[in-house]
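Residues per chain, in single letters:
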Amino acid sequence: MTPVERILAAASLAPVDRAPVLPVLLQQGARMLNRSLTDYFRNPAHLAEGQSRLIDRFNHDAVFAFPHIVQDTLPWGAGIDFHDDGPPSVNQMVIRRYEDIGQIRVPDPCTHPYLRHTLKTAEDLARRYKGERLIVGAVIGPFSLPSMLMGMGKSLALLVQHEEYRRAFLPALMEQMLAYTGRWAQAQLDAGCDIVVVAEGMASASLLTEQTFLEYARPILLEAIKGIKGLVGLELVGEALPFMGHLRDLPCAALLVGSNDRLREVRSILGHQKLIIGNINNLKLLHWDAERVEFEARRAIKEAGPGFALCNQGPEIPWNVPDANIEALVRAALHTRTLAA
Amino acid sequence: MLPPLEKGAIDTVSHYAPTSIPPDTFSELSHRVHEHLALARDAQTSNQALQAMLERAKSASGASGFAGVTQQLVETNKNLQEYTAAVGEAIGIAVAAFQDLESTVRQFEQEFVLLRERIDAIRKSTRKVSSIALQSRMVAINASIEAAHIGAAGAGFNVVAQEVRDLSAKTSEISNAVQEDLVAVEKPLEHTNQRFEENQVTLARAKAAIEGLDGTAKSMLAEAHALAGVTDSVEGIAFKQVEIQEHLDGIERHSLWVSQAADVLVPNLGATSDTVDALWEHSLPPAQRHFVTSLQRFEAEIYEAIRRDEPHRAKWAVEEATRAALDPYELLNRLSQAATRNHLDQLGRDFPTETIFRNARILEDTLGELEAYAGESLECMQRAERYARAPVVVLGNAYEDYHDLGRRLVALRMKAAGFKVIDLGLSVSNEAFIDAAGQHEADVIGVSALLLHTAVWIPRLKQSLHRAGLGGVKVIAGGAPFLVDPLLRETFGADGVASNPNEAVRLVNALLHQSMSGSAR
Numbered sequence: 006m007t008p009v010e011r012i013l014a015a016a017s018l019a020p021v022d023r024a025p026v027l028p029v030l031l032q033q034g035a036r037m038l039n040r041s042l043t044d045y046f047r048n049p050a051h052l053a054e055g056q057s058r059l060i061d062r063f064n065h066d067a068v069f070a071f072p073h074i075v076q077d078t079l080p081w082g083a084g085i086d087f088h089d090d091g092p093p094s095v096n097q098m099v100i101r102r103y104e105d106i107g108q109i110r111v112p113d114p115c116t117h118p119y120l121r122h123t124l125k126t127a128e129d130l131a132r133r134y135k136g137e138r139l140i141v142g143a144v145i146g147p148f149s150l151p152s153m154l155m156g157m158g159k160s161l162a163l164l165v166q167h168e169e170y171r172r173a174f175l176p177a178l179m180e181q182m183l184a185y186t187g188r189w190a191q192a193q194l195d196a197g198c199d200i201v202v203v204a205e206g207m208a209s210a211s212l213l214t215e216q217t218f219l220e221y222a223r224p225i226l227l228e229a230i231k232g233i234k235g236l237v238g239l240e241l242v243g244e245a246l247p248f249m250g251h252l253r254d255l256p257c258a259a260l261l262v263g264s265n266d267r268l269r270e271v272r273s274i275l276g277h278q279k280l281i282i283g284n285i286n287n288l289k290l291l292h293w294d295a296e297r298v299e300f301e302a303r304r305a306i307k308e309a310g311p312g313f314a315l316c317n318q319g320p321e322i323p324w325n326v327p328d329a330n331i332e333a334l335v336r337a338a339l340h341t342r343t344l345a346a
Numbered sequence: 002m003l004p005p006l007e008k009g010a011i012d013t014v015s016h017y018a019p020t021s022i023p024p025d026t027f028s029e030l031s032h033r034v035h036e037h038l039a040l041a042r043d044a045q046t047s048n049q050a051l052q053a054m055l056e057r058a059k060s061a062s063g064a065s066g067f068a069g070v071t072q073q074l075v076e077t078n079k080n081l082q083e084y085t086a087a088v089g090e091a092i093g094i095a096v097a098a099f100q101d102l103e104s105t106v107r108q109f110e111q112e113f114v115l116l117r118e119r120i121d122a123i124r125k126s127t128r129k130v131s132s133i134a135l136q137s138r139m140v141a142i143n144a145s146i147e148a149a150h151i152g153a154a155g156a157g158f159n160v161v162a163q164e165v166r167d168l169s170a171k172t173s174e175i176s177n178a179v180q181e182d183l184v185a186v187e188k189p190l191e192h193t194n195q196r197f198e199e200n201q202v203t204l205a206r207a208k209a210a211i212e213g214l215d216g217t218a219k220s221m222l223a224e225a226h227a228l229a230g231v232t233d234s235v236e237g238i239a240f241k242q243v244e245i246q247e248h249l250d251g252i253e254r255h256s257l258w259v260s261q262a263a264d265v266l267v268p269n270l271g272a273t274s275d276t277v278d279a280l281w282e283h284s285l286p287p288a289q290r291h292f293v294t295s296l297q298r299f300e301a302e303i304y305e306a307i308r309r310d311e312p313h314r315a316k317w318a319v320e321e322a323t324r325a326a327l328d329p330y331e332l333l334n335r336l337s338q339a340a341t342r343n344h345l346d347q348l349g350r351d352f353p354t355e356t357i358f359r360n361a362r363i364l365e366d367t368l369g370e371l372e373a374y375a376g377e378s379l380e381c382m383q384r385a386e387r388y389a390r391a392p393v394v395v396l397g398n399a400y401e402d403y404h405d406l407g408r409r410l411v412a413l414r415m416k417a418a419g420f421k422v423i424d425l426g427l428s429v430s431n432e433a434f435i436d437a438a439g440q441h442e443a444d445v446i447g448v449s450a451l452l453l454h455t456a457v458w459i460p461r462l463k464q465s466l467h468r469a470g471l472g473g474v475k476v477i478a479g480g481a482p483f484l485v486d487p488l489l490r491e492t493f494g495a496d497g498v499a500s501n502p503n504e505a506v507r508l509v510n511a512l513l514h515q516s517m518s519g520s521a522r
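Keeping their order, the protein sequence lines are chains A and B.
This note's numbering runs 5 ahead of the 1-based position in the first sequence.
This note's numbering runs 1 ahead of the 1-based position in the second sequence.
Read the hints as simulated data drawn from the structure, not as lab findings.
It should be emphasised that the depicted structure is a prediction, and the values quoted were computed from it without experimental measurement.
Just to be clear, a hint being listed does not mean it is correct.
To be verified - Straight-line Cα separation of at most 30 Å, DSBU-like style, residue types lysine-lysine; simulated pairs:
id	chain 1	residue 1	chain 2	residue 2
1	B	79	A	307
2	B	59	A	307
3	B	241	A	289
4	A	307	A	289
5	A	289	B	463
6	B	219	B	208
Claimed, not checked - Computed Cβ-Cβ distance ranges for the label pairs, DEER-style:
id	chain 1	residue 1	chain 2	residue 2	range
7	A	296	B	94	38 to 44 Å
8	A	277	B	211	48 to 54 Å
9	A	296	B	471	38 to 44 Å
10	B	234	A	235	47 to 53 Å
11	A	235	B	241	49 to 55 Å
12	A	235	B	212	55 to 61 Å
13	B	59	A	195	54 to 60 Å
14	B	241	A	277	37 to 43 Å
15	B	91	A	304	39 to 45 Å
16	A	339	B	59	34 to 40 Å
17	B	323	A	304	54 to 60 Å
18	A	304	B	432	43 to 49 Å
19	B	241	A	101	53 to 59 Å
For glycine and all other residues, C-beta sits at the position ideal for the given N, C-alpha and C.
Construct the complete structure from the given sequences, taking the supplied hints into account.
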């Protein structure tokens with residue numbers, strides 16, 4: 006089976022030769038090219054080559070057509086800091102007052118020079134790997150993007166504290182976010198990505214109560230996924246299990262779950278639908294030895310059963326995780342037999 | 002065990018209480034007893050959580066049936082070794098039998114060649130016999146001709162010649178029959194030879210296969226021995242598991258004792274706090290005696306407001322307290338008690354950030370209203386003499402970290418707990434942390450780091466504090482990386498890690514208590 010055949014088979018819970026393995030390797034591309042992280046991310050012209058070298062090195066099943074997730078804030082006018090020991094971070098908020106929401110003009114992500122590089126990376130990776138490896142794109146979801154533009158505190162306060170602002174600005178804000186994220190996700194798919202992951206860090210059960218999730222988050226998630234023509238993976242970047250019953254009927258092909266989500270229970274709630282992607286604790290990869298990584302990965306594969314792809318918990322594998330641990334993750338998938346549904 | 006004091010007993014105590022003791026002493030005493038009661042409740046709640054976890058741990062370690070599985074593994078391994086040895090032995094016998102068969106076949110081959118040589122010799126002999134019979138016949142014919150020439154005198158000779166001719170004919174017949182028999186024998190013999198050669202090829206193949214099988218059996222035996230080693234290791238782990246289960250039993254026993262002690266301590270301390278409150282009330286002039294019950298009501302209302310997420314209820318409680326002209330300092334204390342009780346309710350359950358945010362919103366509003374009521378800032382209230390021992394905490398996000406929600410929630414909760422909080426905001430350099438710690442004589446520095454790479458400043462901060470002569474200042478950390486992997490505390494060398502604002506308050510109290518115990522020793 007080619008990696009793409011394997012993942013598509015797993016997504017429909019059909020028999021696979023082995024579990025697909027999709028470690029989210031973004032920063033490691035810099036190391037493959039002997040570049041600093043700052044250099045690699047500041048000038049993203051070499052991302053495709055970095056991904057290509059990573060495939061040669063680890064032989065996993067997917068390539069990632071985006072440098073880092075905070076790029077999504079750039080067209081809105083946010084500033085980002087680059088670091089030599091971690092991913093870039095946003096250094097200024099675009100929306101300082103709720104009243105600003107009415108004045109915002111939704112930017113076109115495809116015209117921003119940095120994001121154009123990302124689309125070129127997707128095109129380049131498609132030329133190299135289409136039909137062979139899964140090409141993965143990503144967007145910050147519409148419900149969560151405001152937290153990157155105004156800060157998490159302000160974003161949460163808009164949902165649960167300031168009723169008058171919520172009534173006045175939330176619908177318009179969500180409409181703006183849906184327009185932007187939908188356009189950006191579609192552009193990545195059109196450029197050659199096989200699937201786009203919608204990262205909704207603000208919608209997880211680690212952050213929201215069920216009531217708030219149902220009232221504000223789920224309707225937006227549904228609308229966002231319905232609006233994207235192509236395969237969508239949904240990631241809550243935190244606990245997903247408490248909301249799994251509400252996620253089951255969303256029209257996405259895959260769900261990326263958190264490291265505390267019990268895989269057997271996730272599958273039991275989802276039934277015979279959706280690819281579960283998860284859920285090795287990405288920070289524990291820092292201090293586990295390779296043997297433990299392989300053990301945990303095997304455990305996850307066995308526990309999840311059919312319809313599972315092995316991956317780290319979001320958002321990505323940290324820069325300083327030893328290569329031996331990444332190899333162990335891939336090895337576990339190569340050597341662990343899974344049963345057909 | 003003493004029974005909890007009843008209301009009547011409190012009245013009796015109040016009646017005989019020396020009225021010469023100033024109300025402030027009772028107020029201080031009440032504050033301390035309430036604090037101890039909160040700690041006892043904390044211990045009780047944590048112990049309940051511990052018992053639940055122990056139950057899960059015991060069920061997880063017992064449910065796996067590790068010992069049983071190991072025993073089965075040992076048995077299976079033993080059987081496997083026996084079967085492998087038996088298979089090896091059988092293959093050895095088969096190999097020996099094949100070697101015998103090969104030797105027999107080789108012998109048979111030699112005898113077959115000999116037999117063919119003998120048949121050839123017989124064929125040659127019969128040909129000679131046929132030739133002699135032919136010659137004898139020729140001689141007999143010639144003798145008959147000569148006997149005819151002689152006439153009657155040759156009649157007897159002719160009879161002999163005739164006999165010789167007959168014998169010659171019979172000899173020839175027999176020789177022909179022998180040759181025909183030889184041909185008849187030779188054909189199946191050739192066929193047998195051909196089959197024999199074919200069988201020899203098959204035999205060679207079978208021999209190679211069984212020799213291969215012999216090698217496999219030897220490898221299997223070696224693997225079975227290796228498996229025996231693994232089985233020993235697994236058995237060792239199973240022994241350890243039993244040991245762990247025994248330790249878990251021990252922990253459970255101690256936890257039970259803690260539970261029994263806390264179950265006695267909490268109602269007794271509750272009764273004591275009621276008694277002290279009654280004494281305090283009694284020590285006040287009659288016109289002010291509503292004060293204590295109003296404080297209790299304030300705490301209860303705030304507790305309910307936080308629990309039910311009812312900001313208007315907290316607002317009402319502050320208005321009532323204001324109307325009753327209660328001391329803002331005491332109200333601050335009760336606010337802290339109410340927040341702590343809510344924290345205890347939440348222990349052992351994972352509450353989403355939204356819940357913590359909603360709680361903090363009520364605390365923030367209540368603190369703001371208390372500030373307005375006191376007519377001075379919270380910081381001024383905390384500087385008051387009665388707050389002299391309030392812990393001083395410098396808070397800030399790690400350098401280049403711009404995620405403020407967690408830090409703001411912690412700051413609020415700490416203020417509500419009566420701590421003096423110096424909030425340095427986002428992206429604070431280690432130098433700024435150290436300057437503020439020195440300037441405000443901080444007990445604790447709290448670093449919030451949502452991004453893993455910003456947490457790397459924490460070990461450097463510890464080192465710099467030591468160099469600046471502020472090694473006694475504790476450094477605590479919080480943020481997503483520490484939630485996902487609590488072991489990162491060791492990696493980054495923090496004195497403690499808190500996963501939510503309530504835990505942060507608890508952690509600061511525990512660290513300061515440790516420091517004080519250390520100094521006392």
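Evaluation of the provided hints:
1. For the suggested pair residue 79(B) and residue 307(A), the alpha carbons sit about 28 Å apart, so the restraint of at most 30 Å is met.
2. A threshold of 30 Å between alpha carbons decides the hint, and for residue 59(B) with residue 307(A) the separation of about 23 Å falls inside it, so the pair holds.
3. Annotation: proposed proximity of residue 241(B) to residue 289(A) holds, straight-line Cα distance about 25 Å (limit 30 Å).
4. With a C-alpha separation of about 20 Å, the suggested pairing of residue 307(A) with residue 289(A) holds against the 30 Å cut-off.
5. A distance of roughly 23 Å separates the Cα atoms of residue 289(A) and residue 463(B); the hinted pair therefore holds under the 30 Å criterion.
6. A distance of roughly 17 Å separates the Cα atoms of residue 219(B) and residue 208(B); the hinted pair therefore holds under the 30 Å criterion.
7. A hinted range of 38 to 44 Å for the beta carbons of residue 296(A) and residue 94(B) is consistent with their spacing of about 43 Å.
8. At roughly 49 Å, the beta-carbon separation of residue 277(A) and residue 211(B) lies within the given 48 to 54 Å, and the hint holds.
9. The hinted range of 38 to 44 Å is satisfied by residue 296(A) and residue 471(B), whose Cβ atoms lie roughly 41 Å apart.
10. The beta-carbon spacing between residue 234(B) and residue 235(A), approximately 50 Å, falls within the hinted interval of 47 to 53 Å.
11. A C-beta distance of roughly 51 Å is found between residue 235(A) and residue 241(B), which places it inside the suggested range of 49 to 55 Å.
12. At roughly 60 Å, the beta-carbon separation of residue 235(A) and residue 212(B) lies within the given 55 to 61 Å, and the hint holds.
13. In this structure the hint that residue 59(B) and residue 195(A) lie 54 to 60 Å apart at CB holds, the actual value being about 55 Å.
14. The hinted window of 37 to 43 Å between residue 241(B) and residue 277(A) holds, with their beta carbons roughly 40 Å apart.
15. A beta carbon spacing of about 40 Å between residue 91(B) and residue 304(A) agrees with the range 39 to 45 Å that was offered as a hint.
16. Taken as a hint, the range 34 to 40 Å holds for the pair residue 339(A) and residue 59(B), whose Cβ atoms sit roughly 36 Å apart.
17. Hint check: residue 323(B) to residue 304(A), Cβ distance near 58 Å, so the stated range 54 to 60 Å holds.
18. Between residue 304(A) and residue 432(B) the C-beta distance comes to about 45 Å, which sits within the given range of 43 to 49 Å.
19. With their beta carbons about 58 Å apart, residue 241(B) and residue 101(A) fall inside the hinted range of 53 to 59 Å.
In terms of the numbered hints stated before, the structure departs from none.
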